[in-house]
Amino acid sequence: MEIELLKKVKTANPMILNIANSVTQSDVANGISAIGGSPLMTNYDKEIASITKMANAVCVNIGTLNQEQNKLSLELLKQAKKYSKPSVLDPVGIGAVPERLSFIKELCEKETPDIIRGNAGEIASLVDISWSAKGIDSIDEDKTDSIDEIAKNCAEKYQCVVVVTGATDTIATSDKISHISNGSNMFTVRVGTGDMLSSIIAVFAAVSDGNYYEAAKMACLVFSLSGELVMKETPNVGPSAFSSRLLDQLYTVNVEDIKRWGKYDE
Amino acid sequence: MEIELLKKVKTANPMILNIANSVTQSDVANGISAIGGSPLMTNYDKEIASITKMANAVCVNIGTLNQEQNKLSLELLKQAKKYSKPSVLDPVGIGAVPERLSFIKELCEKETPDIIRGNAGEIASLVDISWSAKGIDSIDEDKTDSIDEIAKNCAEKYQCVVVVTGATDTIATSDKISHISNGSNMFTVRVGTGDMLSSIIAVFAAVSDGNYYEAAKMACLVFSLSGELVMKETPNVGPSAFSSRLLDQLYTVNVEDIKRWGKYDE
Amino acid sequence: MEIELLKKVKTANPMILNIANSVTQSDVANGISAIGGSPLMTNYDKEIASITKMANAVCVNIGTLNQEQNKLSLELLKQAKKYSKPSVLDPVGIGAVPERLSFIKELCEKETPDIIRGNAGEIASLVDISWSAKGIDSIDEDKTDSIDEIAKNCAEKYQCVVVVTGATDTIATSDKISHISNGSNMFTVRVGTGDMLSSIIAVFAAVSDGNYYEAAKMACLVFSLSGELVMKETPNVGPSAFSSRLLDQLYTVNVEDIKRWGKYDE
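Protein chains in written order, with full-length UniProt numbering: chain A, 1 to 266; chain B, 1 to 266; chain C, 1 to 266.
Same shape as in the complex, but just chain A:
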């Protein structure tokens, strides 16, 4: 685990350009800022090229897509490739909504992102595996083996890093796999924690010198552990106080915390 990436994030203050889920964009922007990045959200075709050039990584979240955002998302991934900026895709809801799945399959074929993060149902649907997902919620069943298969298949199919989040987070390329087992079930009650993680993966990718697998692992570890530390300190916290404390934990979490409490297999 490249734990020192956390220090790089805090020093480099990378700018992350997002096409965001409008519901959760305030939390996402504040998550990026708390961990040490600088957030920018856009909905404007005319500025996409200029600001992609300035950005250090990009993240596309389709939580509240529509016709306009579809076009923008495609354009943003295209510009990211042109300017060699790392890109993360969060395919919110494709496990449940067929219109979203067909859009994302088309998107991934035209402009493959460097990293895809979703829950098991979302990633499964990208490789045509049926998975009992309810809406856009994450799945926390104990099917680690099958999740490994899904993650690897998806990484192989799109030749990118794949992150499947749940009770355990699984990070895969076509030939490597890693698991993070920190976390808290409060992540499933507070809306938008997955969106926040996707953009935080972009933050780590921005300072990773192209090693997106290590970036994704560290982002999941830092994020899951931060939630776990909140619950350790305030076990009876509700979902809203959890969210606030999570942001403040992301602001202070450090290399020592990770060395002491991090649970990962590789």
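Please note that the accuracy of each hint is not assured.
Just so you know, same-sequence chains aren't split out, so a pair can sit in one copy or run between any two.
Okay, derived cross-link-like pairs now, PhoX-like style, lysine-lysine, Cα gap no bigger than 25 Å in a straight line [as the list claims (entries may be wrong)]:
{"hint": "1", "residue 1": "46", "residue 2": "71"}
{"hint": "2", "residue 1": "71", "residue 2": "263"}
{"hint": "3", "residue 1": "46", "residue 2": "7"}
{"hint": "4", "residue 1": "46", "residue 2": "110"}
{"hint": "5", "residue 1": "263", "residue 2": "157"}
Bear in mind the hints are in silico, worked out from the structure with no lab data behind them. Keep in mind that this is a model prediction, so the values were computed, not measured.
Given the coordinates of chain A, work out where chains B and C should sit on it, guided by the hints.
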């Protein structure tokens, strides 16, 4: 009062589809999640049919409407009727903005929602009664009698359940009426608490087996009481801390709290 | 310093109409409400005229502009002039994004706002001075002299009040200048505090009887001091808890706090 509906909400985890007020949608989504539902917000015409079929209830809020959202709102209410999903309408600002009132009157004639929730000024304007409303704020004058009339008239006119919120909440059908007197004046300082209640009414409607009057009563009771319990525990809380504690109270509020502290006349 | 304006805000409850940054609009709306105003956000061309007439001041923020919002922003400033409502412009990101700068220059020439608020990089770019700005972040270097020049030049050029925020806030007209030195560096970590201040300037402008220079000074003082008081009371607070406490401080801040702790030169 069908207090057991609260248990049903917590077990059934109904999915609530929203056309949301963009300003308050994060609070609304987290309110739905805290009480036990699963929120989904949409702005996309192409997915409306698919996701209405999956949803257990829908809520239309016109707090930040525009041409696009007008069309979507009409379409969502139409699909909700087609698939027999309960629908809630929050006609934000129609007491003050004539363009909103004319849109909502047209909407209600074409696709009447099952439940309408607003403040006295908003509901009064739907039945052409003049009411001194300032902008979109709720009215907390002590005009219970006239509010009863307004609520009943509106329920009669549109043949739906009508909820008028204020210091006292009034829930009416054309022939029944009920009042909730729990609450806190902090609801008027924190932006979006009305929007949150409208979507929480949809949560209760989703598990009510078609009894929308009882669903609306319970939603108002649970919501108003949760705010009151926050103030009881932390009397000097400011509006932002109130909002966070309200969400956390919605997460833990239970049947015993309601039996002990609920104030309602029927 | 016209400290009594704070009391006027709390009594008058002015309605502030915003074209908002979609990322931060919830915080902004709650900031307006906490200090004593009544927020309204719009994205709808058809209602602009009606609601500008009702509003007591308007604020245009271009943090998430697009083609539609560009047109709306121009129209809102036009209507504000027509109905003599004070107007504030927050030119987010123009120091870094050329497409935004050219839009704002055009906007300011066609419909000059009464007050412009930005960081040093943004205001510098309006008067064609180069300034090392990174993205949309505020600059807290100690270049008070050159900031004075930039602020005055901009105020002269557009004949309006100019506010440059940073470690010290600078408020200028073409012939007057004033500085506020309260504050906290947590303002730079929490996303959207600048947006919140811009709308709070509109709140004070709404009750200032046309004295926008005094309104801007008081808004900066109240806002900066509120942040400072939060840090004084809870020195180790993280950015999310800071944000919540800031809103609650804005709700309770009073004339005595300002007399006791305010730091300003005029």
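Hints and how they fare:
In this assembly of identical chains, the alpha carbons of residue 46 and residue 71 lie at most 25 Å apart whether taken from the same copy (12 Å) or from different copies (14 Å). For the homomeric pair residue 71 and residue 263, neither the shortest alpha-carbon distance inside one copy (40 Å) nor that between copies (49 Å) is at most 25 Å. In this assembly of identical chains, the alpha carbons of residue 46 and residue 7 never lie at most 25 Å apart, being 34 Å within a copy and 44 Å across copies at closest. In this assembly of identical chains, the alpha carbons of residue 46 and residue 110 lie at most 25 Å apart whether taken from the same copy (21 Å) or from different copies (21 Å).
Taking the closest pair of Cα atoms, residue 263 and residue 157 never come within 25 Å of each other, the shortest separation being 29 Å inside a single copy and 59 Å across copies.
Against the hints set out earlier in the document, violations occur for numbers 2, 3, 5.
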